[in-house]
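Okay, here's what each chain looks like letter by letter:
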Amino acid sequence: MNTFSLAPLILYLPLAGLLFNGLFGRGIVDRNRKSGERFVGWLATLMTFGAFVVSLTLLVSLATNGFEAWYVPIMDWINIPGANFQVGWTQQVDTLSVTMMLVVSGIGTLIHIYAIGYMHDDPDFSRFFTYLNLFVFFMLILVSASSYLMMFVGWEGVGLCSYLLIGFWFGRVDKNGAPANSNAARKAMVMNRIGDFGVLLAMFLLFWTFGTLDYTPIFDGAVEMYKANHVVQFGGMSLSLPTVLTAVTALLLLGAAGKSAQIPLYTWLPDAMAGPTPVSALMHAATMVTAGVYLLVRSNVLYEVVRDSGALILGLISTPDLVAWTGALTAFFAGLIAFSQNDIKKVLAYSTVSQLGFMVAAAGMGAYVAAMFHLITHAFFKALLFLGSGSVIHGMEHGHHEIAHGHGDDGDGHDGHDAHHEDDGFDPQDMRYMGGLRNRMRVTYITYMIGALALAGIFPLSGFWSKDEILLHAQTHEMPIFILLALAALGTAFYVGRQLIMVFFGKPRHAAAEHAAESPALMTRPLIVLAVLTALGGLLNAPYLTKAMAERNEMHPRGFWFLLEQWGEHSIPAIHLTEEGVVHMPHTPVVLSPVVAGLSMLLAVGGLLLAWLVYRGRPRTWDEADRLARTPIWWWNILPLNTFYSRGLVPLFNRFAAWSAFKLDGEFWHDFIHDRVIRDMFVTFAAFSSNVLDAQGVDGVVNGAGAVTRRLAGVLRLTQTGYARTYALAVFLGAVGLLVYFLFMAN
Amino acid sequence: MPSAVDINWYIALSGILFVIGALGVLLRRNAIILFMSIELMLNSANLLFVAFARHLGDLDGQVLVFFVITVAAAEVAVGLALIVAIFRTRKSINIDEINLLKG
Amino acid sequence: MNWLLTILTFLPLVGVLAILFVKESEDGSNRDTIKWIAIAASAVTFAMSLFVLFRFDATNPALQLIDRVDWIPSWGISYFMGVDGLSILMVLLTTFISLLATIGSWSAIQTQLKAYYIFMLLLEMGMLGVFLAQDLFLFYVFWEFTLVPMYFLIGIWGGARRVYASIKFFLYTMAGSLLMLVAILYMGITNQTFALPDLIAGREAFAHAQNLLFIAFFVAFAIKVPVFPFHSWLPDAHTEAPTAGSIILAGVLLKMGTYGFMRFNLPLFPEASSHYAPIIAVLAIIGIIYGAIVSFAQTDAKKLVAYSSISHLGFVTLGIFSLNSAGIQGGILQGVNHGLSTGALFFVVGMLYERTHKREMSVYGGVWSVMPLFSALSLIIVLSSMGLPGLNGFVGEFTILLGSMGAESLGPHPWIYTAFATTGVILAAVYLLWFFQRLFMGPMTTDEVRTLPPMNRRELAVLLAFLVFIFWIGIAPAGYFHLMDSTVNTLVNDIGSALLAVAP
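Chains as they are written, first to last, in the numbering used here: chain P, 1 to 747; chain D, 1 to 103; chain Z, 1 to 504.
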């Protein structure tokens with residue numbers, strides 16, 4: 001007995017929700033604002049929750065069916081017999097995909113609930129929930145696909161949702177009147193497309209190497225062909241399998257860098273914060289941006305083959321190392337950039353980029369389970385932090401609203417002037433206007449605190465365990481990467497501390513912060529649930545349980561199967577490639593290294609303390625300069641790629657496009673070649689023909705003939721007198737003439 | 001049995017009649033008289049036809065005369081109608097005044 | 001004898017006759033009658049094409065439903081109609097797009113209705129003839145015939161520079177086809193027949209001249225497609241044509257070029273095709289990138305869509321000259337996809353134009369706030385044009401690029417071509433999202449946008465008809481590939497064996 005055949009439901013439920021809300025939602029909300037919002041919001045939530053329940057049953061089915069991957073065909077998709085190209089809409093239910101399904105639908109449900117409160121009274125309430133369900137739909141396609149191509153549908157689909165939701169308030173303009181939200185949306189999509197370019201090319205290579213795009217045959221084939229030293233015939237070239245796979249894995253890394261916001265494509269993610277906060281939590285922190293990590297983990301076999309073969313890109317670096325370095329560098333630099341951010345969401349955004357770097361680095365080092373572990377715990381605590389920041393922003397807006405009302409009532413001129421003065425720059429997301437919120441928003445404060453400490457890596461919160469696992473792996477395998485990641489961990493604790501101090505501690509620096517109020521229960525309850533998950537999430541792969549599991553394994557074959565290490569083993573085979581071939585090894589149990597754990601704890605606490613030393617009681621007023629503003633740390637603000645893109649590449653492209661369109665195609669090709677050279681040459685020739693050849697040549701003859709006729713007629717007309725007698729005489733004379741001729745001259 | 005008259009006399013009479021008719025057409029200005037002159041010319045031709053038919057013992061000439069008479073009748077009918085119409089508009093049947101075709 | 005295809009081709013003429021009997025009264029009371037007759041004629045033709053589809057056997061790679069009568073026997077010219085996997089989808093596309101374009105003209109055309117609808121129906125007849133004729137002479141007649149109604153459609157009902165555009169369109173296309181005429185005559189006289197299957201069977205007879213003949217055909221079709229650098233007529237024609245004209249131009253007329261590549265260039269001159277494939281692929285890729293970049297810089301919405309056609313058809317050309325099954329099938333399907341998505345895009349722009357009489361994108365912005373449903377549907381169309389997976393454009397593009405990656409015709413390093421062509425995917429996002437943002441997103445800035453009248457049911461119906469196929473091909477394209485698979489395979493094998501025979 002299994003429930004695998006229910007798997008398509010995880011797609012159908014959100015699909016039904018989005019179709020219903022998309023078609024009727026607006027009408028329902030417009031008819032009755034209050035009940036309509038409740039209906040639309042809870043319907044969308046219910047659909048996502050339904051997907052979560054189905055995912056749970058899939059989990060049970062996997063556990064009771066030997067954890068073997070199960071394929072659920074839905075329908076045929078592309079099928080070209082002539083090209084041997086066949087891809088179906090088929091879901092793959094294995095431990096990896098179910099893990100992702102649970103994360104997506106579980107956290108998705110909580111964020112849906114939160115959003116009902118957050119989006120209250122938004123004119124486009126139903127559109128928002130339509131998009132959310134659309135996102136869940138695509139994300140579940142992504143994680144449940146059985147082939148790269150179907151995965152790509154979800155991959156692009158979530159990119160689309162990201163575009164739609166970042167641009168959700170598309171009408172908003174920034175201080176300069178530029179449509180900032182629409183631009184940010186477009187930027188995200190284009191950046192993602194650059195990554196997609198890599199994924200597409202990787203798929204083409206995979207198809208011509210393996211003849212299929214389905215995961216399982218590709219992975220099996222890769223191992224088989226590697227063992228057999230297979231040579232791939234490609235176009236007119238013969239390439240060894242590791243060479244091809246090096247290209248494939250490098251291209252997949254490009255895709256992952258786009259989606260998971262790694263160097264050099266990370267710049268879209270901070271801009272993506274223009275979207276509503278639940279979106280930032282769901283997509284730009286917890287789920288969508290982890291798709292890149294998922295892709296790397298899913299393709300683990302390919303990376304392992306490359307790692308084993310020792311194939312290098314241009315003789316410099318192997319692709320798994322490139323992945324690890326990309327992740328580590330991103331983790332480090334994004335952490336540095338987070339220091340200088342004043343926008344509460346931007347700090348979290350850069351933090352997300354940095355944490356994704358940890359995951360990518362883990363995947364690159366071959367610690368796939370650790371990457372997944374961090375992915376899950378990060379989903380918990382970063383969703384919590386974003387929702388918490390949303391709650392803070394909500395509170396600040398409430399406070400701002402309050403003071404605007406207050407002074408309008410009592411009409412205090414001086415106070416009003418002050419408030420007005422501050423209004424010019426007031427931004428509910430700017431941490432410089434906050435301070436002291438711990439007293440005004442208790443629930444938000446406590447839950448945010450838990451999330452922030454987990455992010456910093458404080459024992460025993462979930463972030464500690466997952467980060468520790470990655471650090472341990474780095475310490476035993478790649479020392480330089482370990483150093484980078486350790487520094488990044490220190491940086492993380494520092495900016496987390498800075499944020500906590502600026503938002504919750506000290507004194508309010510703006511009237512809005514003084515009047516801030518706690519958010520409604522619809523928003524705080526999901527925070528509490530996420531806080532609990534954040535606190536306990538470490539149990540998913542806690543080292544001692546794992547160790548215990550390893551010891552008892554013989555007695556209880558199924559014991560602790562839910563631990564990530566053992567759970568993941570079924571879809572992330574620990575491949576060991578030896579000289580004879582490929583050996584599937586049992587996973588080595590996770591252990592806790594006292595040295596690394598102690599060091600990581602030290603870094604976390606140290607970072608927080610450092611932040612306390614620097615920022616205690618600072619800034620005193622909202623317009624005071626940051627204490628680090630003159631230090632080299634700030635330079636990272638100037639250095640980042642963002643400037644390079646927005647000041648360099650984009651204007652260059654714009655100018656080139658304009659040049660192509662208006663100079664090359666317009667003035668040169670269209671106007672010059674066609675209109676000047678071809679047409680004018682023809683026109684000139686035609687004019688010559690017309691005015692010279694024709695007018696004086698051909699026309700002369702014709703006109704001359706006319707003139708002669710006319711003159712002759714002038715003479716001949718004299719014969720026409722109009723008298724009948726004249727004509728009669730002519731007839732007679734003619735008759736007489738004929739008579740004379742016949743009588744006397746004919747013979 | 002009528003006395004045989006020589007064919008030459010018929011030719012001479014016909015010639016005289018024809019010349020009278022022709023001169024009438026060329027010299028007179030009254031349209032009616034013009035008509036009568038034309039009739040004279042036609043009948044001079046008829047006379048010649050009949051004379052030669054008799055002389056040659058061939059009935060074709062006689063037949064042709066009938067045709068000419070018919071045509072002449074039709075011509076008179078149309079011609080007189082035209083003259084009446086012209087007279088109505090111009091109050092005159094002097095053909096020298098009808099010279100619209102002058103080039 | 002099988003009259004089915006003949007009936008299908010000339011069915012629009014019945015509509016023309018019927019319209020001739022309606023007097024276009026001064027007070028306009030008969031206008032609806034004319035429109036309804038035209039719509040009915042197109043609808044019946046569409047139904048007829050579905051019947052042809054029903055009678056079509058997809059497993060048979062050869063020409064089917066053949067209708068062949070001697071025409072000028074002394075020269076080997078015959079009236080020869082037939083349909084196979086290469087043309088069946090084109091026929092369906094023609095009747096479908098013509099129907100939608102006819103419905104779409106309901107309120108856009110206000111003057112000389114009678115002539116307008118007569119030309120539309122004549123155009124449909126000509127296009128069907130092009131896709132069904134299997135005799136080169138007959139093909140040429142239909143090919144040139146399509147120019148005439150299109151010339152008048154642009155020249156009478158077009159925009160401000162319509163006369164310039166229509167003449168340019170006519171001359172440009174005509175110049176190319178004359179070369180083809182010479183080639184057709186040469187082959188016909190050499191082989192004493194103009195029937196395509198006979199010519200293919202006897203292609204040895206003109207093999208010595210095949211490079212020149214290939215170029216003659218290629219130029220004629222390349223102008224129609226248009227392949228870079230023969231594209232200069234297209235933006236003018238598209239911008240000045242009335243909406244329905246643009247829809248048909250993009251939807252069907254351009255496909256006549258790519259269809260010509262497959263129908264004539266490949267089977268008649270396999271060695272020359274293989275020989276020139278790399279050069280043509282380079283042109284196609286330049287077209288992909290160049291078209292995308294140039295359309296990004298446009299300020300005129302219609303012009304942007306027009307240039308995007310160059311980019312899209314670059315993909316189609318690339319697929320065809322990959323000379324393998326995936327590439328060619330992708331090319332055919334992408335032709336259909338382009339007809340649907342670009343046709344729909346022109347309809348979207350046309351709807352806005354009808355409301356404001358402005359094509360400048362700067363006038364718009366924030367249309368989403370005023371017309372949410374319309375904007376959502378437009379977004380789907382834009383995404384389909386952009387090649388979003390799950391919609392039709394992706395299936396075609398992916399298959400083409402997949403084919404080009406394994407193309408033996410492109411020399412030892414086909415991946416270079418593919419890599420460059422794939423950048424078109426990024427650029428498509430760049431210009432299409434910019435297009436969408438400028439029209440639909442951002443703040444509302446002008447009164448024209450604030451007072452946009454809502455979408456009516458007729459417009460909704462047309463858009464939905466487009467969307468049905470956009471989704472259908474995107475989600476379940478297997479049936480479409482099935483229609484062409486056997487014919488394309490036969491063609492590919494034929495080319496392969498011809499190349500093998502030549503190879504030392």
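In short, the hints are calculated from the structure, not lab data. Even for Gly, the Cβ is constructed at its ideal location relative to N, Cα and C. Treat the hints with caution; some may be incorrect.
Facing chain P, from chain D, some residues (calculated, C-beta under 10 Å) [as the list claims (entries may be wrong)]:
#, residue
1, I7
2, I11
3, L27
4, R29
5, V68
6, V71
7, A72
8, V76
9, K91
10, I95
11, D96
12, I98
13, N99
Q | Index of numbered hints that the structure contradicts, given in increasing order | A | 1, 2, 5, 6, 7, 8, 9
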